[in-house]
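Participant: In case you want the letters, here they are:
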Amino acid sequence: MKAAPFEYSRAADIDEACAWLAADENARIIAGGQTLVPMMAMRLARPTRLVDINRIAGLSYIRADGDAIAIGATTRQCDLERDALVARDLPLMAKAIPWIGHAATRARGTIGGSLSNADPAAEQALMAVTLDAVLNYREAGKTAEIKARDFFIGPMVTALPAAACLTGVRYPVWRGKIGIGFHEVNARRSDFAFVSAAVQVELGADGMCKRIAIGVGAATDFPMRLDSAEAQLTGTMLDAAAVKDAVTQALADIEAMDDLHASAAYRKRVAVSLACRAVADARASALGEKIHAH
Amino acid sequence: MRIELDINGETRELEVEPRTTLLDCLRDQMQLTGAHAGCEHGVCGACTVLFDGVAVRACLIFAPQAQGSKITTIEGVTPGPGEMSVIQDAFCETHGMQCGYCTPAMVLVAHALLVDNPNPTREQIVDAISGNICRCTGYAQIIDAIALAAERLRGANRPVEQRV
Chain A
1 MKAAPFEYSR
11 AADIDEACAW
21 LAADENARII
31 AGGQTLVPMM
41 AMRLARPTRL
51 VDINRIAGLS
61 YIRADGDAIA
71 IGATTRQCDL
81 ERDALVARDL
91 PLMAKAIPWI
101 GHAATRARGT
111 IGGSLSNADP
121 AAEQALMAVT
131 LDAVLNYREA
141 GKTAEIKARD
151 FFIGPMVTAL
161 PAAACLTGVR
171 YPVWRGKIGI
181 GFHEVNARRS
191 DFAFVSAAVQ
201 VELGADGMCK
211 RIAIGVGAAT
221 DFPMRLDSAE
231 AQLTGTMLDA
241 AAVKDAVTQA
251 LADIEAMDDL
261 HASAAYRKRV
271 AVSLACRAVA
281 DARASALGEK
291 IHAH
Chain B
295 MRIELDINGE
305 TRELEVEPRT
315 TLLDCLRDQM
325 QLTGAHAGCE
335 HGVCGACTVL
345 FDGVAVRACL
355 IFAPQAQGSK
365 ITTIEGVTPG
375 PGEMSVIQDA
385 FCETHGMQCG
395 YCTPAMVLVA
405 HALLVDNPNP
415 TREQIVDAIS
425 GNICRCTGYA
435 QIIDAIALAA
445 ERLRGANRPV
455 EQRV
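Line by line, the protein sequences are chains A and B. Count the first sequence with our numbering and you get residues 1 to 294, in order. Count the second sequence with our numbering and you get residues 295 to 458, in order.
So here's chain A without its partners, still in its complex pose:
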């Protein structure tokens, strides 16, 4: 369980980090390292150079930015977990964070690292897709952005160019009568999700659904949105039978992952249940009702 030898560079700024990546196609960025280091220990990853971005000034922040919350790439999960702005404006993320690893891994793991790693079971990937986050990156001295829904393209694969470094993420803030729901099934709370579901709703004064985002993680190669269900449920009262119908239809044709821990059929069945529960929780929390534990 020892990593293979590699060179180590501590980048002083983001362009230096990009230059190291451009110079060696087997160089990798290291931020928190909570996934990369074990992969290297097991020799599933053998980068020739690690480019450490932990000490780059100005990459760790959480701030309000217009109608969004902007989060720096090297912001640690534990900082998000304790942040008042996240708790107030990104309640869905606040709810999901305790499900990310353990306190000791959240103390090192970063949001940018989790997103770049693109594990299908990662809660942060599901948050980014569900909340329509926009990711910013830097490449060859230029800044660019990409929508979360275009960013994840396969298990542990993203659309980030090879010599680019993620710099930050912006999450649009929903205002009004907002409610959230998050559910996950796994072997232990800190373990990889078999299936997870995240929902955010905005209800009108009459309780009607004005806007809804339904995301499902860990079931497929990368987190997905249930677009058809969202369209079907917008403008309704989110009645349980209608929600179940819409969610079941939206998940009918997915190609669910299949492994030793959870079969494809199981994942599909659980995805429907969790998405329905998350919608029910989101509706109830928007209405100020108490949510019952499942």
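Mixed in with the good hints, there may be bad ones.
Unchecked claim - To give an idea of the chain A side of the interface with chain B (calculated C-beta under 8 Å), a few residues: (1) K2; (2) Q34; (3) D52; (4) T105; (5) S190.
Treat the hints as calculated values from the structure; they're not laboratory data. Note that the Cβ used here is the ideal one computed from N, Cα and C, for glycine as well.
Fit chain B to the supplied structure of chain A, relying on the hints for placement.
Facilitator: Just chain B now, kept in the frame of chain A:
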């Protein structure tokens, strides 16, 4: 490459290969073998140390990444040679250990928890140790130990920040 670490209050300069984990560096170069090597890929928690006061896995940090950081190992929590901290005493009294393999990490996690939260609920204690595997005790006595230590530290006649 050369790195400088503050380990248990002492500044140490070391020559390391980049691939050396903080854990191997502590154990092999500093002889601080209280940080235990269990799974070496971040699952068991036996290698937990305090990194600038925060509990982290020493097997998931390469030594060069720790450059300039303040590291506390189990060897650094005792008030003096041959003495035990309040938390360590509480583990003895409640039989919060059997084989002792997970114990240094459990004590350090408890340390980080109680500095942050002097009055944790049972649920918060369970959550704090949830990343640390113990195959002997069934965890109940470990939880009791941390609750007992918390109670004693709350009663200590010292400012909060100096209690643990």
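Participant: Each of the hints needs a verdict: does it hold here or not?
Facilitator: Quick rundown of the hints versus the structure:
1. K2: holds (7 Å)
2. Q34: holds (6 Å)
3. D52: D52 (chain A) check passes; min Cβ-Cβ to chain B is 6 Å, inside 8 Å.
4. T105: Since the shortest Cβ distance to chain B is 7 Å, the answer is holds.
5. S190: With a minimum Cβ separation of about 6 Å from chain B (threshold 8 Å), the hint on S190 (chain A) holds.
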